[in-house]
Amino acid sequence: MLTDILTAVIPVVIIGIICGAVLVIASKLMAVKEDERFPKIRECLPGANCGACGFAGCDGYAKALCEKEGTPTNLCVPGADAVSKQLSEIMGVEFEDVIEQVAVVHCGGDCEKTQDKYEYKGIQSCSAAKLLYGGKGSCTYGCLGLGDCANVCPQNAISIVNGVARVDPKECIGCGLCTKTCPQKLISLVADAEKVVVACSNKDKGAVTRKVCTNGCIGCKKCERVCPLCAIKVVDNCAVIDYEKCTDCPDFGICAKNCTTGCIMLSDLSGLHRMKEEKK
Amino acid sequence: MTKFIVILLSAVFINNYVLSRFLGICPFLGVSKKLDSATGMSLAVIFVMLMATAATYPIQKFLLDPNGLGYLQTIVFILVIAALVQLVEIVLKRYVPSLHKSLGVYLPLITTNCAVLGVTILNIDEGYNFAEAMVNSLGSGLGFFLAMVMFSGVRSTIEGSDIPESFKGLPVTLTAAAITSLSFLGFSGVIENLFPM
Numbered sequence: 001m002l003t004d005i006l007t008a009v010i011p012v013v014i015i016g017i018i019c020g021a022v023l024v025i026a027s028k029l030m031a032v033k034e035d036e037r038f039p040k041i042r043e044c045l046p047g048a049n050c051g052a053c054g055f056a057g058c059d060g061y062a063k064a065l066c067e068k069e070g071t072p073t074n075l076c077v078p079g080a081d082a083v084s085k086q087l088s089e090i091m092g093v094e095f096e097d098v099i100e101q102v103a104v105v106h107c108g109g110d111c112e113k114t115q116d117k118y119e120y121k122g123i124q125s126c127s128a129a130k131l132l133y134g135g136k137g138s139c140t141y142g143c144l145g146l147g148d149c150a151n152v153c154p155q156n157a158i159s160i161v162n163g164v165a166r167v168d169p170k171e172c173i174g175c176g177l178c179t180k181t182c183p184q185k186l187i188s189l190v191a192d193a194e195k196v197v198v199a200c201s202n203k204d205k206g207a208v209t210r211k212v213c214t215n216g217c218i219g220c221k222k223c224e225r226v227c228p229l230c231a232i233k234v235v236d237n238c239a240v241i242d243y244e245k246c247t248d249c250p251d252f253g254i255c256a257k258n259c260t261t262g263c264i265m266l267s268d269l270s271g272l273h274r275m276k277e278e279k280k
Numbered sequence: 001m002t003k004f005i006v007i008l009l010s011a012v013f014i015n016n017y018v019l020s021r022f023l024g025i026c027p028f029l030g031v032s033k034k035l036d037s038a039t040g041m042s043l044a045v046i047f048v049m050l051m052a053t054a055a056t057y058p059i060q061k062f063l064l065d066p067n068g069l070g071y072l073q074t075i076v077f078i079l080v081i082a083a084l085v086q087l088v089e090i091v092l093k094r095y096v097p098s099l100h101k102s103l104g105v106y107l108p109l110i111t112t113n114c115a116v117l118g119v120t121i122l123n124i125d126e127g128y129n130f131a132e133a134m135v136n137s138l139g140s141g142l143g144f145f146l147a148m149v150m151f152s153g154v155r156s157t158i159e160g161s162d163i164p165e166s167f168k169g170l171p172v173t174l175t176a177a178a179i180t181s182l183s184f185l186g187f188s189g190v191i192e193n194l195f196p197m
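These protein sequence lines are chains D and F, in that order. Just so we're aligned: 131 in this note's numbering is position 131 of the first sequence, and the numbers increase by one with no gaps anywhere. Just so we're aligned: 151 in this note's numbering is position 151 of the second sequence, and the numbers increase by one with no gaps anywhere.
Treat the hints with care, as some may be off.
[To be verified] No farther apart than 30 Å at their CA atoms in a straight line, the calculated lysine-lysine pairs in the DSSO-like style are these:
no.: 1; chain 1: D; residue 1: LYS40; chain 2: F; residue 2: LYS93
no.: 2; chain 1: F; residue 1: LYS33; chain 2: D; residue 2: LYS180
no.: 3; chain 1: D; residue 1: LYS63; chain 2: F; residue 2: LYS168
no.: 4; chain 1: D; residue 1: LYS121; chain 2: F; residue 2: LYS101
no.: 5; chain 1: F; residue 1: LYS33; chain 2: D; residue 2: LYS40
no.: 6; chain 1: F; residue 1: LYS61; chain 2: D; residue 2: LYS63
no.: 7; chain 1: F; residue 1: LYS93; chain 2: D; residue 2: LYS130
no.: 8; chain 1: D; residue 1: LYS28; chain 2: F; residue 2: LYS101
no.: 9; chain 1: F; residue 1: LYS101; chain 2: D; residue 2: LYS68
no.: 10; chain 1: F; residue 1: LYS33; chain 2: D; residue 2: LYS63
no.: 11; chain 1: D; residue 1: LYS185; chain 2: D; residue 2: LYS195
no.: 12; chain 1: D; residue 1: LYS180; chain 2: F; residue 2: LYS93
It is worth saying that the hints were derived from the structure and are not from the lab.
The whole structure should be built from the sequences, with the hints applied where relevant.
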C-alpha cells in the first residue's frame, strides 16, 4: 500500500524539483537586465495613464525616462511638483518645476442665461447632439451639457451644473482628456496660477450673441481698453486672454468689473488641490 | 507521407480542437474579440503545442511507460508543460525580445490550457510515433489558429450588428460559436474519401 503511494508520489516530486531547479537556474542565468530605476519611477507616477506627458501611459513615460537621456522630469502634470521632485531625485538631475494646469470651460451659458432651440431626445452625448443643427442650445458655440467631458474625466472633476460643464479645480489633475473630447472645443488647460477666465466662446457678432445668451461676449472691446497690461484681445468677436501678459496685474479684476455682459470671470484656480498633495 | 498529410488535415479540420473537441474554449471566447490578439494567441498556442509535445512524448515513452506509471500522465504533463512554458518565456525574453513582445501576455495564459494538455495526451492515446505526434501538434495548433481567426471575424460582424438587448455579450457569442462549430461538422468524412486507406 505504502509503496504504491510512494511510487506515485516520488517521481512527481522529483520531476517537480527538477523543473523548479531548471527554472531557477534559467531565470538567474538569463535574467534580462531591467533598468533598476524603472520600477522606482513607475511607483512614483500616479498611474492614471492619462497621457498628459505625451507618452503612451505611465509605463511609456517611465521607459522613456530610463532609456532616453534628457527626457524632462517635469512632464507629469497630474503628479505635479511632488512627482517631479521624486523623479529628478531618481534620475539625479535638477528639479524642474511643473506648471500645473487646470481645465477651464469657456462657456457660461447656463439654463437662465440661454435657451434651447429644440428639445433633444437622441443619444445622450454631446458629439451626437452637435450633429443635429449644431446642438440643442440656441448658441451653437456653447456647452451642450450632455457631459462627454464628465464621462471621460478620470477624476470625476467635471459635473454638469445647470446645463453647463463645470470643472472642480480641486479635483482636476490637468490631464487634458476633456479638451480633446469636447466637440465644441470649449475646454482649455490654463496654468493654475491664473485668476481670470473668459467664460464664452461665441464668435458671432455682438447683436447675434446678445440674442442667444445674456452671458455671451459681444466683442465690445471694453476689456481691451481697460486692461493695464494689454493682455486681452478681442479675436473673432470674442475676448481672449493672453496669459503670458496677464501677470502681476496692478489693477486686478478690472476687466471682470468692466465687462458689459459678465463673461469675464474671476476664479481662483491657484492650486488649491496642490496644497493637499504637498502636505502628504 | 500520405499519413502525415492525413494527420495534419484531420487535426486542422475534422478533429479541430476548439470546434469539434471543445478544448481551449476559454481563449476561444476570451481573446477572439480582435483579430491581432487572436492571431497572437494562436501563434503562441502553435508554438507551445509543438514544444509541449516534444517535451512530454519522451517523458511518457522513457519514464512513465517502462515504470508502469501511465496513470500519472495527466499530472506529470501539467507539471512539465507549466515549467516548460515558463522556461520558454525566460529564454525568449533574453534572446528573442521581439518574439517575446509579440507573444508576450499570451504565453503565460496558455500555461495550463486544456487544448495544449489535450494534444499531448491524445498523441499518446492515438499511438503516434514521435514524428506523427509532432505533425498532429502542428495540425492542432493550426486548427486552433483557423478557429480563432474565423471566429474573430464572426465576432467583429456581431459587434457591429443590431442585437436584442438580452442577447448582447456572451449569449450571442456562444450562439455564434455553436453555429461556427456546426459548420465544421461538414468536414467529417472528407479525409476518408480523399485518402482511402
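Open item on the list: I'd like to know which numbered hints this structure contradicts. Please list them from smallest to largest.
Closed with: Violated hints: 3, 4, 5, 6, 7 and 12; rest satisfied.
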